[in-house]
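Using the sequences plus the hints, can you model the full thing?
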Amino acid sequence: MSAKSTLGIRAHPRPIFPLTLLQIVYTRTMKNTWKFLGPTLAATAAALGAGYYWLFRRPLPQTNGTISLHGLDRPVTIYRDAWGIPHIYADNIPDLYFAQGYVHAQDRLWQMDFYRRLAAGRLAEILGPRALDLDRWVRTLSLRHVAEQEVRMLSDETHNQLAAYAAGVNARIAQGRRPAECKILGYIPEPWQAADTVAWSKMMAWNLSVNWETELLRAQLIARLGPELAAELEPGQFDRWPTAIPAGTDFSHLGQAALDKAESARRWLGPSPHQGLGSNNWAVAPERTVSGDAIFANDMHLGMNAPGIWYENHLVAPDYQVTGVTFPGQPGIISGHNGRVAWGYTNGFSDVQDLYLEDLRQVGEKQFQYRFKDEWLDAACREEWIRVKGADPVRELVVATHHGPIINKLVSNELQREPFHDQPLALQWTALTPDPAMQETLLAMNSARSCAAMYEALRGWVVPTQNVVYADVEGNIAHTHAGRIPVRDGEPALVPVPGWAGEHEWIGYIPFDELPHQHNPESGFIGTANNAVADEYYPYFVSKDFSTGDRAQRIAAWLTGPYKVDLITMQQMQYDTVSQTALEVAARLAVLPTADPFIGSLLAEMTLWDGDLRKESRPAAVYEVFMHQMARLVLAPKLGDLLDRAMGQGPTPILASDTLFSARVREWLENLLDKPESVWFDLGHGEKRDDCMRLAMQATVAYLRQELGEDPAGWQWGALHKLHFAHSLGTQPPLDRIFNRGPYPYPGDATTLHASGGSSSDLRATGRISAPFRFIVDMGRVERAWGQLVPGQSGHPASRHYADQIKDHLTGFYHPMWFTLADVESNAVDILQLQPRF
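Offset between the sequence shown (1-based) and our numbering: plus 3.
No wet-lab data here; the hints were simulated from the structure.
Beta carbons: idealized from backbone N, C-alpha and C, even for Gly.
Treat the hints loosely; a few may be bogus.
Now the in silico label distances, taken between C-beta atoms and shown as ranges [said to hold, decoys possible]: (1) Asp-136 with Thr-563: 45 to 55 Å; (2) Asp-136 with Gly-783: 44 to 54 Å; (3) Gly-689 with Asp-613: 49 to 59 Å; (4) Asp-647 with Asp-76: 51 to 61 Å.
Printed below as a string of structure tokens:
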């Protein structure tokens, strides 16, 4: 075999027939043309090659050799492993954070700059007028404004740590190797500041705090449907699903004063489950594990973007070592382990946002007053100027009462509906009260040496509220529902309430030691999946909006079996795609009478289906499309133009996040199937449940034929449900082909441990949310934890680490998180020395 054929290159054989006249003319013409165009095309190709190098290759970081930098006190060594993960060894903490900032900027500077601009309301400066509405919204939220106040309140130690990190970022910016995105948009990133870190953390909290949207829509639904029918859209779940703190827990230790509040809170507590953003975490006690040590697992469900939201790091300094993930722009580690304790999160969905209708009057050009009880008080007014690329600056006047900023301009379409009639609306949110404790807590958690110490470190956690589960090397496991949760004077405000009445004011927060917490429970495991944190006997109002308990129930099923578990079990759990909800709906479909033989054959498959939402499954595709069609069928007649909002459309074009109602629809619909005579099934001609189910099945078949073809063999869930890693600049060709990755057929849905979600209103957009980072560790061998981060470490599309972990994610492969110096050195692919320049 020739060398060429070995390399897969084939020589063209001689043509059997003579060339046609057209071929001869074409060949001769091209030969003559090449004489003239050849040099030009060659020059163009060379220019394109140089342009590609300048645009995509030149920004790639130096990862070997030595770099001298101003700002370091001592040398720092950075090892990178086969996945491009930096292992940073420094002689002191300031140098460690400096180096972390430097490698973050090496790999993710565009992402960092984009996110800080998002959090500061400055995207229009680089994107032009199309980003103006988003900037106006964020300026009104005042995230950057509050962040600047918090930075001034930080302790000297925390301020110095953020400053060291910023200096490292700026050392990379000063080298001038701009990311491709900055070159395409034609701008130079500004120096990083500590307030950028704080503002971005608040932006992340905003993404995980969605009570305000739910309250807005709830009021509209009540106005449209009446309180009784609207209440049916929010089924309770205490009797059906597990709670994070075991049901029946005795809360008497909280004291009689707290317990006296329980009766008032209980009437509001029937949590309304939803299936939106979420996560899983669990810890298993030694008596349930094969190794005899505690085991910890976490997978946090967020947007699957390119680059990913997380960045993996290993940080080492004297008396300090921690590994895991953080956000690019945030020093330290957010989730991971430090050799003694492992920790991770699920979103708590506590009610930390309220909306207040305000009585507002203008008393000057930039002056407003608002009524509170019997007084007119001065509103806080702040003028913001938004620079817009290619256009004149835009003035935005931010007006705020003591509740929070007035948000009318940003949701004006919603406020023109009943029952608001364009009444001024203020947003109160825990993140808008300056509090330096959050940054100090994030860094303090990295040094906790036991579960008890981690509990103490969490005292300063502010927002977003999180179920923090943790385990230590001594075999302890624990869970704290951490965050500032408001205590209201009076009933909780589940819809916008009159701000002038003074009847729903925040009068404090649930005391930290009275937050839901468990330590070494009798069950031998702790598992949370955004489900209700405690039962109705917990004495404080936490929230009405939690996830369905499907995933929590599945965790319990895995961990209460007769066999002890190990890391392989953890991996199997994180990739479990069985849905309890799907099984229950399939059982109802299997007995649905139908005269259509083809539909009958599809329903017959449901009888034998195991509820596994595998990407190859036809029953999974039928089930998912049926639920979508059934929901729209029965909701449309009564919701009218509110249907899209209830199904997940954001309140404005710039806010595409689902309300908690959107994913709650599936739980409501499943409960509704138990009520064959419900008024919801009446479409105007006396229809009952079975009539609607048959209509929905007909619509399901029509949809599958339209989208996937006539052959039912191709009706697979993964053919509809696909994972797509989207880049912020990948919305138009040719940039989409450069920056985006996917789509990939994908299993699961929001009810499975291998979770995936997204838009409830578009089945083809349901693979947008999943687990960009998975993490498992046996606390008896913390030096060999296992992780998986997608799409990859790098934010540079020309890097081999831009998307090198997608295949791992799709096939269930985890990489070792090297922890000992011996392992780090023996598995290092690159070694970079940072030297101080004086």
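Hint check results:
| no. | hint | verdict |
| --- | --- | --- |
| 1 | Asp-136 with Thr-563: 45 to 55 Å | holds (49 Å) |
| 2 | Asp-136 with Gly-783: 44 to 54 Å | holds (53 Å) |
| 3 | Gly-689 with Asp-613: 49 to 59 Å | violated (36 Å) |
| 4 | Asp-647 with Asp-76: 51 to 61 Å | holds (57 Å) |
When each numbered hint is compared with the structure, a violation occurs for hint 3 only.
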